[in-house]
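Given chain A's structure and the hints, the job is docking chain B with the ligand onto it.
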Amino acid sequence: MLKKNEIAVVGAAETTRLGVIPDMSNIQLHADCALNAMADAGLKPSDIDGIACAGESPTNMAHYLGLTPKWVDGTAVGGCSFMIHVRHAAAAISAGLCTTVLITHGESGKSQIGLNRAPPSRQSLMGQFEMPYGVYGPPSMFTVPVLRMMKETGLTEEHLATVATIQREWSSQNPRAMMKDLCSVDDVLNSRMIAWPFRLFMCCLVTDGGGALILTSADRAKDMPQKPVYIMGTGESVETPMISQMADFTRSRAFRVAGPTAFAAAGIKHADVDHLMIYDAFAHLPIYGLEDLGFVGRGEAGPFIMERNTAPGGKLPMNTNGGGLSYTHTGMYGMFALQESVRQMRGTAPAQVKGAKISVCHGVGGMFAASGTIVFTNEA
Amino acid sequence: MSESKRPLPQPTPETKHFWEGTKAGEIRLQRCDDCANVYFPPRPFCPGCASRNVSVFAASGKARLFSYVIHHRPAPGFTPPYAIAVVELEEGPRLMTNIVGCPQTPEALPLDMALVPHFEKMNDDITLPLFQPAKG
Ligand SMILES: [Zn+2]
Numbered sequence: 001m002l003k004k005n006e007i008a009v010v011g012a013a014e015t016t017r018l019g020v021i022p023d024m025s026n027i028q029l030h031a032d033c034a035l036n037a038m039a040d041a042g043l044k045p046s047d048i049d050g051i052a053c054a055g056e057s058p059t060n061m062a063h064y065l066g067l068t069p070k071w072v073d074g075t076a077v078g079g080c081s082f083m084i085h086v087r088h089a090a091a092a093i094s095a096g097l098c099t100t101v102l103i104t105h106g107e108s109g110k111s112q113i114g115l116n117r118a119p120p121s122r123q124s125l126m127g128q129f130e131m132p133y134g135v136y137g138p139p140s141m142f143t144v145p146v147l148r149m150m151k152e153t154g155l156t157e158e159h160l161a162t163v164a165t166i167q168r169e170w171s172s173q174n175p176r177a178m179m180k181d182l183c184s185v186d187d188v189l190n191s192r193m194i195a196w197p198f199r200l201f202m203c204c205l206v207t208d209g210g211g212a213l214i215l216t217s218a219d220r221a222k223d224m225p226q227k228p229v230y231i232m233g234t235g236e237s238v239e240t241p242m243i244s245q246m247a248d249f250t251r252s253r254a255f256r257v258a259g260p261t262a263f264a265a266a267g268i269k270h271a272d273v274d275h276l277m278i279y280d281a282f283a284h285l286p287i288y289g290l291e292d293l294g295f296v297g298r299g300e301a302g303p304f305i306m307e308r309n310t311a312p313g314g315k316l317p318m319n320t321n322g323g324g325l326s327y328t329h330t331g332m333y334g335m336f337a338l339q340e341s342v343r344q345m346r347g348t349a350p351a352q353v354k355g356a357k358i359s360v361c362h363g364v365g366g367m368f369a370a371s372g373t374i375v376f377t378n379e380a
Numbered sequence: 001m002s003e004s005k006r007p008l009p010q011p012t013p014e015t016k017h018f019w020e021g022t023k024a025g026e027i028r029l030q031r032c033d034d035c036a037n038v039y040f041p042p043r044p045f046c047p048g049c050a051s052r053n054v055s056v057f058a059a060s061g062k063a064r065l066f067s068y069v070i071h072h073r074p075a076p077g078f079t080p081p082y083a084i085a086v087v088e089l090e091e092g093p094r095l096m097t098n099i100v101g102c103p104q105t106p107e108a109l110p111l112d113m114a115l116v117p118h119f120e121k122m123n124d125d126i127t128l129p130l131f132q133p134a135k136g
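Residue numbers (the working numbering), protein chains in the order written: chain A, 1 to 380; chain B, 1 to 136.
Just to be clear, a hint being listed does not mean it is correct.
Selected chain B positions facing chain A (in silico; Cβ < 8 Å) [said to hold, decoys possible]:
{"id": "1", "residue": "Pro11"}
{"id": "2", "residue": "Gly48"}
{"id": "3", "residue": "Arg52"}
{"id": "4", "residue": "Ile70"}
If you are wondering where the hints come from, they were derived from the structure by calculation, not from laboratory data. Note that CB positions come from ideal geometry on N, CA and C, so glycine has one too.
Chain A on its own, in the form it takes in the complex (with noise of 0.2 Å):
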């Protein structure tokens, strides 16, 4: 089993530029930042003998960064996809089934050079049982389940609105985010409206980028240039590609098994996580998140975030960069939390959380389709 900061991240960077990059494409963005994270690392393709992404498949990448892997994850399970990919590589090292792992995501989201997206089959589930109903694009989709949580728990627009000017609060600290200005709750209700209830601002950005990082075990991490940033605990699941199919609308079944998982495996409670990424495609998902992870109860994310407890200055700093609702959002954000995270555990973040020792980072893909949990630490 794979022991607890066993692995470290030894690299991690992002594209050179962030947000809108039309003279890059969609491989050529991976590879920007691939570059990057082995200048961070200094390693050399020679030196990387594991390859993970998605968006591109390994066999692109390989070929592409003239790697010769003999260890390949093509996991592709949407925007948490690179979480699973550090699960996968922790274990595949700590196995021995290769020493150094260069994950990378790049996507053009916003201009759309050269992306590997196929829409879905009319034959699939989906194609037959969701898509003829209007659905179109994930603002459509990822947003269904919210009337019933509002129901249920008492979540309110304004809670959802709050999501949103709390992580401007956090982005105005940081250069590289594409949304800096602060706004209000009232900004957030008066913007523009796309799936009521949700408003323009409570929807993520597109743009383009990418981030990759690079894994190896502690021992080799001793020796190269950066802090090692350590692999706790992970987690991972799947529950179902439908959003209509959600077993249950108020609470993310793959969120319960891939939160649990990596807290368990990390031997954590929820009182040692000193910073908090939980991928926000949309403002409802830092709800989820918190509640399903168990930093809140039920119904009460919504008063803990307007109370400020994930603010600058709160006990729970969460969504330090921004988010992908003010940072940046390629299509597949994950790994710009991860890179957050390390940042943070490295204490290079722009919006740095002073003293911070453990960082729990928390994705999902697809349309609560997936869900993939990194504890990390810069304490061996």
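Chain B with the ligand in isolation, oriented as in the chain A frame:
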């Protein structure tokens, strides 16, 4: 609405009975003969116990409005704003659909509102199971 541009389903061997059912004015579900689990979407085995002993039956059609959004952006075949809804059938399974026969507003679409099917013929092969408020 110019309904013709909706992306219509293409039935497969495992779902053919469902789409034959909507043409006949029925919502056909499946029930496990071994554990009595009622499930959707269609498949020729029970996702509760893996039994292949399953039967097709017609649901009552009685449903309640379980959750929805009112989409404000254009989509092929739809004129915004329109509700994308999930309804819960009396027998338990939920399905995505549209709600017709009432304004597409939060006021006209209270959660748990009683609904009945409205079978909308799209072409000779496909009839979609939409829903409308139950009368009385
Ligand atoms: Zn059964």
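Indices of hints not satisfied (ascending): Checked against the structure, the hints that fail are numbers 2, 3, while the rest are satisfied.
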